[in-house]
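What follows is each chain in one-letter form.
There are 2 protein chains.
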Amino acid sequence: MKEIAGGVTSAKGFEAAGAEAAVKYKNRKDMALVYSTVPCKVAGTFTTNVVKAAPVLWDKQVVETSAFAQAVVVNSGIANACTGKPGMDCCKSEAEHAGKLLGIPAEAVLVASTGVIGMAMPVDRLCAGIEKLVAAKAATPEAGLDAAKAIMTTDTVHKQVAVEVELGGKTVTIGGMCKGSGMIHPNMCTMLGFVTTDVNISKEMLQKAVSASVVDSFNMISVDGDTSTNDTLLVLANGLAGNEEITAENADFKAFCEALDYVTMYLAKKMAGDGEGATALFECRIVGADTKENARTLAKSVICSSLSKAAIFGHDANFGRFLCALGYSGVQFDPENVDLYFQSKSGRIYIYGEGIAKDYSEEEATKVLSDEEVTIYVDMHMGEAEATAWGCDLSYEYVKINADYRS
Amino acid sequence: MKEIAGGVTSAKGFEAAGAEAAVKYKNRKDMALVYSTVPCKVAGTFTTNVVKAAPVLWDKQVVETSAFAQAVVVNSGIANACTGKPGMDCCKSEAEHAGKLLGIPAEAVLVASTGVIGMAMPVDRLCAGIEKLVAAKAATPEAGLDAAKAIMTTDTVHKQVAVEVELGGKTVTIGGMCKGSGMIHPNMCTMLGFVTTDVNISKEMLQKAVSASVVDSFNMISVDGDTSTNDTLLVLANGLAGNEEITAENADFKAFCEALDYVTMYLAKKMAGDGEGATALFECRIVGADTKENARTLAKSVICSSLSKAAIFGHDANFGRFLCALGYSGVQFDPENVDLYFQSKSGRIYIYGEGIAKDYSEEEATKVLSDEEVTIYVDMHMGEAEATAWGCDLSYEYVKINADYRS
Numbered sequence: 050m051k052e053i054a055g056g057v058t059s060a061k062g063f064e065a066a067g068a069e070a071a072v073k074y075k076n077r078k079d080m081a082l083v084y085s086t087v088p089c090k091v092a093g094t095f096t097t098n099v100v101k102a103a104p105v106l107w108d109k110q111v112v113e114t115s116a117f118a119q120a121v122v123v124n125s126g127i128a129n130a131c132t133g134k135p136g137m138d139c140c141k142s143e144a145e146h147a148g149k150l151l152g153i154p155a156e157a158v159l160v161a162s163t164g165v166i167g168m169a170m171p172v173d174r175l176c177a178g179i180e181k182l183v184a185a186k187a188a189t190p191e192a193g194l195d196a197a198k199a200i201m202t203t204d205t206v207h208k209q210v211a212v213e214v215e216l217g218g219k220t221v222t223i224g225g226m227c228k229g230s231g232m233i234h235p236n237m238c239t240m241l242g243f244v245t246t247d248v249n250i251s252k253e254m255l256q257k258a259v260s261a262s263v264v265d266s267f268n269m270i271s272v273d274g275d276t277s278t279n280d281t282l283l284v285l286a287n288g289l290a291g292n293e294e295i296t297a298e299n300a301d302f303k304a305f306c307e308a309l310d311y312v313t314m315y316l317a318k319k320m321a322g323d324g325e326g327a328t329a330l331f332e333c334r335i336v337g338a339d340t341k342e343n344a345r346t347l348a349k350s351v352i353c354s355s356l357s358k359a360a361i362f363g364h365d366a367n368f369g370r371f372l373c374a375l376g377y378s379g380v381q382f383d384p385e386n387v388d389l390y391f392q393s394k395s396g397r398i399y400i401y402g403e404g405i406a407k408d409y410s411e412e413e414a415t416k417v418l419s420d421e422e423v424t425i426y427v428d429m430h431m432g433e434a435e436a437t438a439w440g441c442d443l444s445y446e447y448v449k450i451n452a453d454y455r456s
Numbered sequence: 050m051k052e053i054a055g056g057v058t059s060a061k062g063f064e065a066a067g068a069e070a071a072v073k074y075k076n077r078k079d080m081a082l083v084y085s086t087v088p089c090k091v092a093g094t095f096t097t098n099v100v101k102a103a104p105v106l107w108d109k110q111v112v113e114t115s116a117f118a119q120a121v122v123v124n125s126g127i128a129n130a131c132t133g134k135p136g137m138d139c140c141k142s143e144a145e146h147a148g149k150l151l152g153i154p155a156e157a158v159l160v161a162s163t164g165v166i167g168m169a170m171p172v173d174r175l176c177a178g179i180e181k182l183v184a185a186k187a188a189t190p191e192a193g194l195d196a197a198k199a200i201m202t203t204d205t206v207h208k209q210v211a212v213e214v215e216l217g218g219k220t221v222t223i224g225g226m227c228k229g230s231g232m233i234h235p236n237m238c239t240m241l242g243f244v245t246t247d248v249n250i251s252k253e254m255l256q257k258a259v260s261a262s263v264v265d266s267f268n269m270i271s272v273d274g275d276t277s278t279n280d281t282l283l284v285l286a287n288g289l290a291g292n293e294e295i296t297a298e299n300a301d302f303k304a305f306c307e308a309l310d311y312v313t314m315y316l317a318k319k320m321a322g323d324g325e326g327a328t329a330l331f332e333c334r335i336v337g338a339d340t341k342e343n344a345r346t347l348a349k350s351v352i353c354s355s356l357s358k359a360a361i362f363g364h365d366a367n368f369g370r371f372l373c374a375l376g377y378s379g380v381q382f383d384p385e386n387v388d389l390y391f392q393s394k395s396g397r398i399y400i401y402g403e404g405i406a407k408d409y410s411e412e413e414a415t416k417v418l419s420d421e422e423v424t425i426y427v428d429m430h431m432g433e434a435e436a437t438a439w440g441c442d443l444s445y446e447y448v449k450i451n452a453d454y455r456s
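Chains as they are written, first to last, in the numbering used here: chain U, 50 to 456; chain D, 50 to 456.
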């Protein structure tokens, strides 16, 4: 497997576009299209929030009942959540309009939205945007980039990645894009993530690969602890790579899963590092836990802690906050048996062990915590299980962005 | 029952003091003493964090095994958490020194600490501070106030309250003080809270009253979601009011519990409203829930949500964030069946119902959200259960305080 340049248009048969539709933002692309020239198998994971946005309900139905999918229409600016029946009608109008223009059934069109909750959707502007998207769609890297930029809200950078993997002599490509960067605390799903691949795979095995892939990627990141109403990850597979169809957990399936995991992990980390207001990617790596589930819980507790996040922002070696967050995670352990390290590209420092602070240099600790990627590494000395979670620091900018998001 | 002026020195037989000990802060009182002239029954609740500060371990033992308690020694500045054996030795030294000077057993002395985790305790300065405290102790309101001020860390105001209640013709007094204001997310306990009362009550009934009282008070507040290593609530009862000893759940017990609840609720709300960096007390009131437990879970989910807290700070009627937080709380409900209101002293506005935004005035909504106490009122229409939780907004100042807390 190797990483290549590109994104959602890298795999064979996929086209994309971005367009200015003025849904809410002005003077920027705010709608995106992902389109496959041939029908695709589709798998998805969605928010566990009881309050589900209309596009989530639409897409769940497409994933579960449609024979195939072939296009995804996305807008940023307004979330189409808490919008009642008009919100559901809007999804239908978008799908019908795109389906008509693309010559595919409305039931093969997925929709996704991100932005302000509770605001009414401007159906006319969305449909006008779809016309622009269909006219502009192309299989080029530029078109993929346009799409990745159009789905951004408070993101500061677009997020895309692509990889190639050989399956039975055939080159299979997987490309993906996603957007963060607030209300990020995915649970069995993510914010908006779109992955396209030309792999030939059964729908059942595709869903199995996707469901497994989110557990250690999107489900291990958090920006603010708020699980969105709109979290959606969609994976489209059109089979154009020509590999023998994957229908069981064989070597090809394993190789595909590894490549897919690379894509989801890459996108998830990008999302965490570009969390609203973030100045650093904040990683917590747990080793030596008694169970995988406990390792995950411990890692997430640390990266979700407001006080830990503020300490990272301040480059402050206030290690007690990380221990405190481990302690209230719900996992039982003996604090006297825990070793805690700070690490980054500037080095690795042993901070706490045997129940007490080690004799470390504050200056060096501050240096390590000042890098753009900081890891709190914790050995629980209870077993063999490991997990890693990713978040970001808590900055003034986060408050600024969110105290005045709608204006 | 009526509220009276005063605090921990209001009940008969209680003395207090504050003193400058330079534990970590300079030029301010940073140690406090609460002392009863006669032995007390004692009850307590403590942090559920696996990482427990040394004073928590010391006090648990006193509450569970000592025949009586008679004094509490508190310091601010350093938390005596993650301090290993030297930390436990420090508690013992403090108790022995105070016991010797006060002429009571070391096992009758409770200790409490709040401040930076992981820093070594300056035992000599603490013992010197205890000498000042014992010399200064008095039964006056001024001495109670000195104690309430000495336990503050990032608090902007001291927090104390006192009430009187008649039990069988005798006046029983309850006084209390507490400190916030960061790492506040108590779980079956609180940050530091101290309540003194002259009620005559059995130890068993006192603990029962205290354990019940924290559920709807301290356990329903959150500043930052971080459950501290040091959370402690101690209640001392010396019996000097002369009421018939309460040994069962009779009318006197009920009247005492009501008065105690008033004190704990008052202190809890003060703590939430003075959360680090807070500009507003942020209340969520849930009515019509199916169970009390679900009502509590829903209310806490809203006041803990970073995005909801940031919206309160920005006076932004971004109601979707409150619905989102209800939705990911873990409680099942139908979003179409929820009514949501904003209320404050400036009025009450119907914001969301039947699955969609109501036709409210943005200007009026902003006005309501600009008050110092703001309530999100939610009717779930599922049953009769109610609960209220209190938090605060998320401000630049919160980040500032916590990015640089140790310096």
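Note that these hints are calculated values from the structure, not bench results.
Don't take each hint at face value.
Copies of the same chain look alike in the list, so a pair counts if it works inside one copy or between any two.
Once the Cα atoms are required to be at most 16 Å apart in a straight line, the calculated EDC-like pairs of lysine to aspartate or glutamate come out as [claimed, not checked]:
(1) Lys-181 to Glu-422
(2) Lys-109 to Glu-156
(3) Lys-134 to Glu-403
(4) Lys-134 to Asp-383
(5) Lys-134 to Glu-385
(6) Lys-109 to Asp-408
(7) Lys-449 to Asp-365
(8) Lys-61 to Glu-403
(9) Lys-51 to Asp-310
(10) Lys-257 to Glu-421
(11) Lys-61 to Asp-428
(12) Lys-252 to Glu-422
(13) Lys-407 to Glu-294
(14) Lys-257 to Glu-69
(15) Lys-73 to Glu-52
(16) Lys-109 to Glu-253
(17) Lys-318 to Asp-265
(18) Lys-141 to Glu-307
Evaluation of the provided hints:
1. Lys-181 to Glu-422: neither (39 Å within a copy, 48 Å between copies)
2. Lys-109 to Glu-156: Close inside one copy (11 Å), not across copies (63 Å); limit 16 Å.
3. Lys-134 to Glu-403: Cα proximity of Lys-134 and Glu-403: across copies only (10 Å, versus 59 Å in one copy).
4. Lys-134 to Asp-383: between (52 Å within a copy, 14 Å between copies)
5. Lys-134 to Glu-385: Between copies only: 10 Å across chains, 56 Å inside a chain, cut-off 16 Å.
6. Lys-109 to Asp-408: Cα proximity of Lys-109 and Asp-408: none, with 54 Å in one copy and 30 Å across.
7. Lys-449 to Asp-365: between (22 Å within a copy, 12 Å between copies)
8. Lys-61 to Glu-403: Cα proximity of Lys-61 and Glu-403: none, with 55 Å in one copy and 45 Å across.
9. Lys-51 to Asp-310: within (13 Å within a copy, 63 Å between copies)
10. Lys-257 to Glu-421: For Lys-257 and Glu-421, neither the intra-copy (34 Å) nor the inter-copy (50 Å) Cα distance is at most 16 Å.
11. Lys-61 to Asp-428: Answer is neither; intra-copy 44 Å and inter-copy 51 Å both fail.
12. Lys-252 to Glu-422: Neither: 37 Å inside a copy, 52 Å across copies.
13. Lys-407 to Glu-294: For Lys-407 and Glu-294, neither the intra-copy (55 Å) nor the inter-copy (51 Å) Cα distance is at most 16 Å.
14. Lys-257 to Glu-69: For Lys-257 and Glu-69, neither the intra-copy (36 Å) nor the inter-copy (64 Å) Cα distance is at most 16 Å.
15. Lys-73 to Glu-52: neither (35 Å within a copy, 52 Å between copies)
16. Lys-109 to Glu-253: Answer is within; shortest intra-copy Cα gap is 15 Å, inter-copy 55 Å.
17. Lys-318 to Asp-265: within (11 Å within a copy, 39 Å between copies)
18. Lys-141 to Glu-307: Neither: 35 Å inside a copy, 56 Å across copies.
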